[in-house]
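Take the sequences, apply the hints, and build the full model.
Numbering (our numbering) for the sequence shown: 3 to 212.
Just so you know, not all the hints are guaranteed correct.
To be verified - Derived lysine to any residue pairs resembling SDA-like cross-links, with alpha carbons at most 20 Å apart: (1) Lys164 with Gly59; (2) Lys211 with Trp144; (3) Lys164 with Gly175; (4) Lys211 with Arg4; (5) Lys150 with Leu206; (6) Lys164 with Asp154; (7) Lys164 with Trp106; (8) Lys150 with Leu69; (9) Lys110 with Glu134; (10) Lys164 with Glu36; (11) Lys164 with Glu134; (12) Lys164 with His152; (13) Lys150 with Ile107; (14) Lys110 with Glu36; (15) Lys150 with Gly193; (16) Lys211 with Thr184; (17) Lys150 with His185; (18) Lys164 with Leu206.
Derived by calculation from the structure, the hints in this document are not laboratory data.
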Amino acid sequence: MRAPRECGSWFWDLEDVSQHGLDSALAVAHRMTEVLERHGLLTPHRLEYGWYVLDSGGIDVTTTLALTVPLGDSHVSERVLQSRPCGFPDAEVDDIHVVGPGTWIDVKGESRREPRLVDLSVSPAPVSLTAELAVHHDIWGWFDFAGKPHPDVYQRNAPRLKAALQELNSMLGVDAEPGEATHFGFATDLGIGTPDAYEDGSGLDLTYKL
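Take a look at the structure:
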């Protein structure tokens, strides 16, 4: 099950280590995706991004671009700009989301493919370049969404997320800042935190919010 809000998120402010702008944002997205793909967390299939007009705001248009070439290909930036809505010639690209499936490991140790196992976005905003990673599934935490401990699932998946976050921090040259907590969990520096358990060892049942 996938929660409607994130169980945890991590934010990188790249102002001091990367230039802003579309080309730089796509380059960062490519490098981050390479790390996540090595850990089996994200295989990029498409990009999704909105548009805004400077000093006016969003224009309520979202573009989906299939990745028929590798994300690191020099033509991707050109294809993104060519997809600009014709009615808004001054529109700029908003947050770029890299969309694709990832692999998680179940209680039997079998690998399972899951759409949007992680969400990766990079912002080419003119102020500064930023990136964010978010997760929406309970496999990264000690408890499932029903509040039942699932240590086997946790131990097969949480270390993979931790390793990916460590590698991303090292590659980007900036440590991620954990995002705000939601009903479905909270992030620590390198994973999902474990809330206090009830006397019987169970956690909070969140299935009514799914």
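Structure versus earlier hints - violations, ascending order: Checked against the structure, the hints that fail are numbers 1, 8, 9, 14 and 18, while the rest are satisfied.
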